[in-house]
Amino acid sequence: MAGQSCSQLSLFTPDEVEFMAEDELVEIVPNLRMDSLNFICGDYGPFYPQIAIQVPLWLALALKKRGKCTIRPPQWMSIDNLTQVLEGERESHAFQSLPFHYVEISRLLFDHARDDIPEIYMVRSLVEDIRDVRFHKVETNLENFTASAVTWKNMAAMEVNIIRAFSGRALQAFYRHENEQLIPDLDRTQDRQPQNLNDRPRRNLRPR
Amino acid sequence: MKIRTLKLQEAHKPSSAYGAANGSSFCSILWDQQARHLVTASSSDSGISIHDALLPSTTPKILRHHRDGVTALALSPNSTCLASGSIDNSVKLYKFPGGDFETNITRFTLPIRALAFNQSGSMLAAAGDDDGIKLINTVDGSIARVLKGHKGSVTGLAFDPMGEYLASIDSMGTVLFWELQSGTILHTLKGVAPNTGLDTSLVNILSWSPDGEMLAVPGLRNDVVMYDRDTAEKVFTLRGDHLLPLCFLSWSPNGKYMATSGLDRQVLIWDVLKKQDIDRQKFEDRICCMAWKPVGNTLAVVDVSGKYGLWESVVPSSMKSPTEDIPQSSKKTNGLMLFEEEGQEPCSSGSLGDLGEDSIGESGPPSRKRIRKRSEFDEDRSTENTIDDYGLLPQRMAPKRAREQLDKGANEELRSTAISVRSKMQEAFQPGVTPVQPGKRRFLCYNMLGTITTMEYDGYSHIEIDFHDTSRGPRVPAMTDHFGFTMACLNENGSVFANPCKGDKNMSTLMYRPFSSWANNSEWSMRFEGEEVKVVALGVHWVAAITSLNYLRIFTDGGLQKHILSLDGPAVTASGSKNQLAVVTHASNCLPSNDQVLEFHVFDIRNGTRPSRGRLPLSPGSHLIWFGFSEEGLLSSYDSKGVLRVYTSQYGGSWLPLFSANKTKKSDENYWVVGLNASKLFCIVCKSPEVFPQVMPKPILTLLDLSSPLASSDLGADVLENEFILNNLHLFQIQKRIEESSSDGRDTTDLDDEAFSTEAAQDRCILRLIASCCNSDKLVRATELVKLLTLEKSMKGAIKLVTALKLPNLADRFNNILEERMLNETKDMSEAAGVAVNQGSGLGRNGTSSEVSSEPSCIPSSSTTLSAPHFVKKVVNRGEQKGRSDHNQTAREVQPEAATRGRSTELRTTAAAAAATAAGNEESSRTSNPFFKSSSTHEGPAKESTCQRPPSNPFKKSVK
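Chain order of the listed sequences is S and X. Last residue of the first sequence: 747 in my numbering, with the numbers rising by one and none dropped. Last residue of the second sequence: 1769 in my numbering, with the numbers rising by one and none dropped.
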């Protein structure tokens, strides 16, 4: 994964983050009888109609597209929980605890399993609100970014991804200012890196 | 006599615009069960008012759904449903106390005058100026019966509290007793009540005493006449100070008092036992309806001008409160206390109302009267206790009745949910059906395969059939049903529907729809005259229907009427699977403890046999709610106390409890069973007040582990003990199947493998049990467990285990057991191999047999576990072949089997994950075994039967 992008800065495109999120487990209710599926990542099944089972999100979506299952929205995606989280986000400075891949999971479910989420408009607007509030928080946090205080709990994958490049380099900059003798080395690597990044042909992930 | 004035509040406008002729209108008033609300209505007002009894000043909630005046109100006994009848000819149902309009349950051609709910609330009687009384099922709004017999307009209806009779009265004063079961008139009392003529504000009413023994009817001589419940003979009359005919009467909740109102604008309160009035009040206007408060000493009254009021402390505080000793409810007293209480404290009424009355300081005359009454009461009591010279029916009946009521109290909870009115025997039901809910889709059938759902519309229903497995099941188009099917069943090949008969014109019909057929028009239907389908079931190539005449009718899937059998009792339910049909019937009436007495029969439809029958066990006080076959074809039942039972042939056919909802249940969940397999129960989890699932959103099956109701043992390894029992059961079933299929000459390799893996699992479980036994120092139990191990490898593991646990004593013992086992095995082989040298092994055998007999009694059960499955098979095969005495064939059959054995041995060795080489040798020697054994069988079974080694046990059986 990281091989596709810059290994040192670990930059991921949103698509790549989404790809990783697809390994998260979700609960589906299949509507067909199927034997176990044996994958590299593990064995899933056997599937019985109307009996809920945990599978990775990518499998859930693949089955859903073929009309073979319904996806049960995860626990945290209930309106009650989301309103609570949103309130918490607005009130406190800290990040509320949400699944690491909440942005991606909710996005995928909204795109592909619209009919399985009760009151989807409400849920969707709540998730978007939460996301906006948190992104805003991330950006404001960056304004007072110091080398000493980088303890941000409960940040989600997408949020980390936004600040990954910046914070990495910022930390390096802090480091450099503190240790003057290391400057030449770091400068050299720093110069080389962006070039590599740009030269490299990136394979676009096939959109779902 | 001082006349107290009671302030009345206006609830309904006394409209003369479209009221009755003289400007007065008939008004009704009702309390709800908890006395939180008062409901009033007037025949000149289209609105129904729900007053909050606790906060009388708040404005009442007004329900305006009728287009004309409301003439009748009725509240279901549990106060959840309000019915109203109106001059606009309709009867409407509302939710109570919310007041949400639910449905127009029926319509007449002329105004409604009377409504009544039966005791369970399942039935509503409505009548009026039309010539028939309609009995309506409140559940589905269907008309159960129309009772025709009155000449005038019916103005009063009363269900007998015991649910057997309905009494009705018309404006001409004729009283009819109807038997509900048959709908026939039992007694006609012509002209016993005044003829009210055409004044609709004056209606004749009648009322059963709360204990159901008497019916009170206004008499012709300004009195109340009591009629006997069964004979309809006049029992006595309440005659007193009414100057004009009565227009309303109402029993106090306990039946000791009665309030009557007359055209003379008086309301009198009577002590019914003494036939004497104890209080009275005069009003400005005629009181046309009264209702006793269900809790407390208060009477609500409403007059013809639409004003209502509460008469507090109706019964003097010196006398028993009108709500004491309520016969029907179990809340207050248990009935047996009746006499004791009367003896100890005759003045035990203590409601708030009484206090209020005393503090206000009522005027003289009533209190004087009260004193007089009290002294009479005391006398009364003494006579009552010494000699029963009153000759009054209620008193004589009291002890017996009290006992009955005690029972009833216990049933109360059941009755509120049960559908039946009187009979406590549970009604027929279809497994996987959910009750009717107005305006909602419901399940007619839910099984592991799919669902049949129905939705009722005006005059027709819409039925859909869905399979859970959308990829495999056929797609079935939705259908419109004009029959009103309430029973259905579904399997892979087709679906069957049936409806009960509704009235005369709608006969009970059975319809079968195959999902696919080579011929057109292959669906068929049967009609039943004078017979009603109660339960349907479906199997492979057969359809079964059980009818109200207790006939079991079996049809082929083409519609051929193949068999008609008479069943022993009324059907409860039935279920079909492949060739087997299981039917549950009532064996007798309920026990006094309210236990259902049920019987089950299993029929094999293809062979025309009845493989098993017997009593169907239920938890005490429960009823059957699900019945069917498990995935493996075992008969299973689930009762209302949440116990799942499975029928096995162990102990000559018995039911094993394999799941108990109480043990696993989170308190807020109910389990609605759909099916089960060997280790799991498939059910739909419903949040607590709900006991059944809704169609939307689509319910999801939840898997629950089966668990025997184990006693909490000192071992603290409940999970393992449970696994042990279930494995044992599983193993037993597999072995039975192996026996069956090998006797049919089918290949049993798969089953053998399954048996082996179960045995391996059982050994693992036993080893863990041994470990926990050793940890808690139960060494005897550990030794018993070791004897149950199947594989040699696991015995060695056990020895290793106890050595590691530093129990050398136990290790020695285990070693001995293992050696003994090995010895037995080799002996068996030698016995099989060398028949000629059997005297040599005879000695050894005697030795082992004595050893074995000295072992604890757990051995018989261990023997089944010990027996290797292939041995069983071989032995049975041989028995059969011997019967045929075809040696050539024996040889031929044994050979391929030896080949398969070789394969299965291989499989096993891999499955066992590197069995010891010794075990491998043993296996191979076993492979050669059959050849030797087959020769030994010719030697005679007598010798074999003495052999203690378990594998020979099945053989013993087959020999016998």
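Take these hints with a grain of salt, some might be off.
[What the hints assert, rightly or not] Calculated pairs, SDA-like style, for lysine to any residue (alpha carbon to alpha carbon, straight line, at most 25 Å):
#1 X:K1387 to S:D574
#2 X:K1507 to S:Y660
#3 X:K1496 to S:Q593
#4 X:K1496 to S:D655
#5 X:K1507 to S:I618
#6 X:K1507 to S:S706
#7 X:K1507 to S:H651
#8 S:K607 to X:P1506
#9 X:K1249 to S:I656
#10 X:K1496 to S:A591
#11 S:K607 to X:K1450
#12 X:K1249 to S:R611
#13 X:K1507 to S:R611
#14 X:K1496 to S:Q614
#15 S:K603 to X:D877
#16 S:K604 to X:D1278
#17 S:K603 to X:E1121
#18 S:K604 to X:P1283
#19 S:K607 to X:R1281
#20 S:K603 to X:L1512
#21 S:K607 to X:D1086
#22 S:K604 to X:G1282
#23 X:K1489 to S:I618
#24 S:K607 to X:G1268
#25 S:K607 to X:N1486
#26 X:K1387 to S:K604
#27 X:K1507 to S:F674
#28 S:K607 to X:L1258
#29 S:K607 to X:V1504
#30 X:K1489 to S:K604
#31 S:K603 to X:T1511
#32 X:K1507 to S:S617
#33 S:K604 to X:T1279
#34 X:K1507 to S:L710
#35 S:K607 to X:I994
#36 X:K1489 to S:Y660
#37 S:K603 to X:P1506
[Unchecked claim] If you anchor each label on the Cβ, the simulated ranges turn out as follows:
#38 S:L564 to X:E1338: 31 to 39 Å
#39 X:Y1266 to S:M661: 30 to 38 Å
#40 S:D574 to X:P1401: 34 to 42 Å
I should point out that these hints are in silico values taken from the structure, not numbers from a laboratory. No residue lacks a Cβ here, since even glycine has one placed at the ideal position from N, Cα and C.
Numbers of the earlier hints that this structure fails to satisfy, in rising order: 6, 11, 15, 17, 21, 23, 24, 26, 27, 30, 34, 35, 36, 38 and 40
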